[in-house]
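These protein sequences, in sequence, are chains V and F.
Under this note's numbering, the residues of the first sequence are numbered -13 to 98, in order.
Under this note's numbering, the residues of the second sequence are numbered 1191 to 1305, in order.
Think of the hints as simulated: they come from the structure by calculation, not from any bench.
All residues carry an ideal CB built from backbone N, CA and C; glycine is no exception.
Be a bit skeptical, because a hint or two may be false.
Calculated pairs, BS3-like style, for lysine-lysine (alpha carbon to alpha carbon, straight line, at most 30 Å) [as the list claims (entries may be wrong)]: (1) F:K1199 x V:K28; (2) F:K1199 x F:K1261; (3) F:K1261 x V:K97; (4) F:K1204 x V:K(-13).
Sample of chain F residues at the chain V side, in silico, Cβ under 8 Å [what the hints assert, rightly or not]: (5) P1229; (6) P1251; (7) G1253.
Not the full set, but computed from the structure, chain F residues with beta-carbon under 8 Å of chain V [claimed, not checked]: (8) F1200; (9) A1214; (10) Y1221; (11) L1235; (12) G1243; (13) T1244; (14) A1246; (15) G1248; (16) D1252; (17) Y1254; (18) S1284; (19) G1299.
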Amino acid sequence: KQEVTQIPAALSVPEGENLVLNCSFTDSAIYNLQWFRQDPGKGLTSLLLIQSSQREQTSGRLNASLDKSSGRSTLYIAASQPGDSATYLCAAARPAGNKLTFGGGTRVLVKP
Amino acid sequence: NAGVTQTPKFRVLKTGQSMTLLCAQDMNHEYMYWYRQDPGMGLRLIHYSVGEGTTAKGEVPDGYNVSRLKKQNFLLGLESAAPSQTSVYFCASSYGRGRTGNEQFFGPGTRLTVL
């Protein structure tokens, strides 16, 4: 059974600092890995998807890496801003049905 | 494009009542999913569908039924609601296998309270 873990559960940084969010998974036979952002009381917004054959994916200030052999993915957010404050979730997809197993999330606070 | 929409946004039920949550997507996605999100438990898959007329159980299917009569719609039913089903319910959709991406797109959620 796939298990996805995100540590730490919460993180506070000053504005301008780079954010590093960690995600680990137990089963390396994943189809893809997806990072989401969730604001309080809102739905999930997809940030990046990394296919199992890829090592990293970039979008603007966001960069996500994937190392299947070690069961890890890392989301980097450069030059953080107060608007980046949210909960960030990673999810590993199983090959059959593209079903997602979610981590518990990391709640990020960027202080002005 | 509206993306993934969910109806209703909020609902309060009494124990034993029934209701249906509606999910609609306009992206021509083959796959659709229902998740629930609970404090301390994260997001868990209830049921999913890999195409019109098909459904399958996820991680926490007990107490729920689903139907996918049209490709764009995925219904989640609670036949006899219980307080343990108080949660936020999210619908999602994605392309099927053989397509690049397979990114899942989520709806805004339905907040359900069972008294």
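Problem - Hint validity - F:P1251 Cβ closer than 8 Å to any chain V Cβ - result: Violated - the Cβ of F:P1251 stays beyond 8 Å from chain V, reaching only about 12 Å at its closest.
Practice task
Using 8 Å as the Cβ threshold, decide whether F:A1246 counts as touching chain V.
Solution key: holds, 7 Å
Practice task
Double-check F:S1284 for me: the hint is only fine if its C-beta lies closer than 8 Å to a C-beta in chain V.
Solution key: holds, 6 Å
Practice task
Go through the hint on F:T1244 and say holds or violated, using the shortest Cβ distance to chain V against 8 Å.
Solution key: violated, 10 Å
Practice task
Return the status of the interface hint for F:F1200: holds when the least beta-carbon distance to chain V is below 8 Å, violated otherwise.
Solution key: Hint on F:F1200: violated, closest Cβ of chain V at ~11 Å, above 8 Å.
Practice task
Hold the hint about F:Y1254 up to the distance rule: shortest CB distance to chain V must be less than 8 Å.
Solution key: violated, 16 Å
Practice task
With a cut-off of 30 Å on the C-alpha distance, tell me whether F:K1204 and V:K(-13) pass.
Solution key: violated, 35 Å
Handout entry: Status of the hint placing F:G1243 at chain V (closest C-beta pair under 8 Å)
Key = violated, 15 Å
Practice task
Take the C-alpha atoms of F:K1199 and F:K1261, compute the straight-line distance between them, and say whether it is at most 30 Å.
Solution key: holds, 22 Å
Practice task
Could you grab the alpha-carbon distance between F:K1199 and V:K28 and see if it respects the 30 Å cut-off?
Solution key: Roughly 11 Å separates the two Cα atoms, so the pair holds.
Handout entry: Agreement of hint F:G1248 with chain V interface, Cβ distance less than 8 Å
Key = Result: holds, 7 Å to nearest chain V Cβ.
Exercise for the section: Return the status of the interface hint for F:Y1221: holds when the least beta-carbon distance to chain V is below 8 Å, violated otherwise. Expected result: Hint holds; F:Y1221 Cβ to chain V Cβ min 6 Å, cut 8 Å.
Hints 3, 4, 5, 6, 7, 8, 9, 12, 13, 16, 17 from the earlier list are contradicted by this structure; the remaining hints agree with it.
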